[in-house]
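Let the sequences and hints guide you as you build the complete structure.
There are 2 protein chains.
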Amino acid sequence: MRTSYATGLRCIKCGQAYPKKYLLECSVCKGLLELQYDLEGLARIRPCHLEGLNLWRYAPFLPIENSANFVSLGEGMTPLLFCPRLAEVLGLRELYIKFEGTNPTGTLKDRSSATAVSAALEFGYRATAVVSTGNAGSSLAAYSARAGLYSFIFCYEKGAQPKMAHMGACASELVLYKGGYDDLIKIYDRLMEEEPIFECGASRNPYKQEGKKTIAYEIYEQLGERVPDYFISPVAVGETFIATWRGFNEMKAIGWSDKLPTMVAAQARRANPVALALASRGPLVPQRIGYTIAEGVAVGDPGKKGEWVLRILREAKGLAGDASDEEIIEAQGLLAKTEGIWAGPTGCVTVAVLRDLVAKGAIPCEASVVCLVSETGLKGEYPRIEQEAIEPTLETVRRILQKALDLGSDPKAKGP
Amino acid sequence: MRTSYATGLRCIKCGQAYPKKYLLECSVCKGLLELQYDLEGLARIRPCHLEGLNLWRYAPFLPIENSANFVSLGEGMTPLLFCPRLAEVLGLRELYIKFEGTNPTGTLKDRSSATAVSAALEFGYRATAVVSTGNAGSSLAAYSARAGLYSFIFCYEKGAQPKMAHMGACASELVLYKGGYDDLIKIYDRLMEEEPIFECGASRNPYKQEGKKTIAYEIYEQLGERVPDYFISPVAVGETFIATWRGFNEMKAIGWSDKLPTMVAAQARRANPVALALASRGPLVPQRIGYTIAEGVAVGDPGKKGEWVLRILREAKGLAGDASDEEIIEAQGLLAKTEGIWAGPTGCVTVAVLRDLVAKGAIPCEASVVCLVSETGLKGEYPRIEQEAIEPTLETVRRILQKALDLGSDPKAKGP
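Protein chains in written order, with the numbering used here: chain A, 62 to 477; chain B, 62 to 477.
Be aware that a few hints might be false.
Pairs involving identical chains hold if they fit within one copy or between any two copies, as the list cannot separate such chains.
[As the list claims (entries may be wrong)] In silico DSSO-like links for lysine-lysine, alpha-carbon gap of 27 angstroms or less:
| hint | residue 1 | residue 2 |
| --- | --- | --- |
| 1 | 320 | 421 |
| 2 | 239 | 398 |
| 3 | 219 | 398 |
| 4 | 378 | 313 |
| 5 | 365 | 313 |
| 6 | 421 | 247 |
| 7 | 239 | 464 |
| 8 | 464 | 219 |
| 9 | 313 | 74 |
| 10 | 378 | 365 |
| 11 | 247 | 91 |
| 12 | 398 | 421 |
| 13 | 247 | 464 |
| 14 | 247 | 365 |
| 15 | 219 | 91 |
By construction, these hints were calculated from the structure, which means they are not laboratory data.
In structure tokens, the structure reads:
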């Protein structure tokens, strides 16, 4: 088994092939690039040959040649949780939550940071950079620190405080800037062409995207070597959706699986260009968006990757849906109360969309469904809990605890 | 291989034996109870026989009989990270951080919540309870929800907002109370004797404590079936310290390991009764403590478990140390900058104490050291980052990014 079976890059638009190198877009047509693999070689690998419990378990399917460049903080192999209580509320029989909140920085970004930073090492770079409102920035800063690389993390000055503290602690250089993303991004992109810095944004870098492919492989292994009928993925720029789809396709191509899941793209209603385009059978229309509580999917113009997602949905007969902020918050509470899973609003968009699609009959109740929950709830800023505090007297506390009497406890073995 | 090899309970003080049942203290002498196992049976198990990747991988070493009662959110199998950059700063050769921040609710409490809630199910209880300022409460609430049990979570009204939001979302009943822990605890303890509720505090429940034992087993497996020379554990009430020591001892008793690590107890200087008692060779003197930034170890009176920890330290020639709030914050930054690990202050107490003990020569530089970092940094509340935001112009951004020129990048493969 070789370390990596990646053979090079290929433009998804014009098909131009390149050797494996650092390149953000096709030199011929400016199309997006995707990694290519020796599928015949990969077909000789069986799941039982894989070793280790972090992302590098799937090294043969990833683009890093030299294992000395593997960077890890223990990302990946996140729990796939069978969720019968939530399934019952939603009206499903077989529902699993793939909970990405147990990654080192609390989100699935750690998978792409791992391959991005490892690729930076492999290609000889000593610096990384990203523009981020929080999750991607703190993840890239952490992985760059782990690798001993210098990180430039750009965050607009209104970023959430806990995320800024995280970025500030891990980044070599946290740069706060005035205005919004649009004020910086053109300048940033231009300078990324000039300086010896490995760019780690979500919109173009094929090495970064590739790390998220491992989600599909893990699901396959965790389900006992099969893929689900439906897979619900959030769509912001589209990186996670595209990467997991690539993973499911590779597993089919190398004979691990004989089918593909139906892909479901989940968006926030306030940033739903892909869902709208699919429903209207029209082109993807970029949106000027305002605030949505699901910050991590607040992308109105997903650019070329959005087009890629739309093409996948159309060709593979996928589904898409969107959820209002109220539905997202409701899904967050439901996930916590029924299964004890504490996820942030961004992570709950998929649950809200799934709920709606099952209610509409678009996803049948007997289907096996894996719903990706992309982040922990621990990164959020929440409104103050408005609840009166009790005086701790025997009477007040007893009144509360006596509710336990009606719950039907049957202590078989209490006391001697 | 049986599901569990636990045979019963035994008082650590008078030796009185009990069958496996729900019991918080010895009926004879009120001493603490510990679980007993069929060590001959366990000695027939080898690491290669273990299955699964959550805490229940170690089910034979845990007290739950019926696997239908295993509750899991994917806790355990947290990364053991080899940390050469941090080791260099500290003056060590072989340093590993056992990072518990990747547990489902971000702390090692998930291990003890898993066994506590599973034991509640096994003994026929439908309700759980705990008094907590945050981490234990949110973890127990999450695991109770996962198991379909009713949870009573008591938190004083001044608890941190993000933790309250978490508890509020997962708990069946979040009870805020006026005053502090001391105002409630006697009433609470008395009512726990009366009501059919499985009590899940850290001070007495032997089933709860047992879950943390798995940390020792994981370290053994992750180090390639050996134990380290030194193991640094935080000590608040003492649950983690005692449980991991039990784990290391069991592995020696069943022949997995031929040695025990030197145990190191780490405390905050503002709550250091165990460290003080060990240094003074005197008894453990309960302290009235004020604020320390390491909230999770802010225990001035660890009670009977504190005595237990002290006895272990004395009998096994362990070490103890304490760290000031300033040293803890410095350790937090060091861990983030050198290795990209983002941990809360409570989690960094061990790193600060380790640093001090190595500097003093109490831990030799050639030793292999595992340092437990108990929580993620994502649960903290941090001061606002005071940093001026730049105007995003080509010149200002270029000036920043040009620092990359001095870093020695050698892009072997940039551009076509």
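Out of the numbered hints, which ones does the structure contradict? Hints 6, 15 not satisfied by this model.
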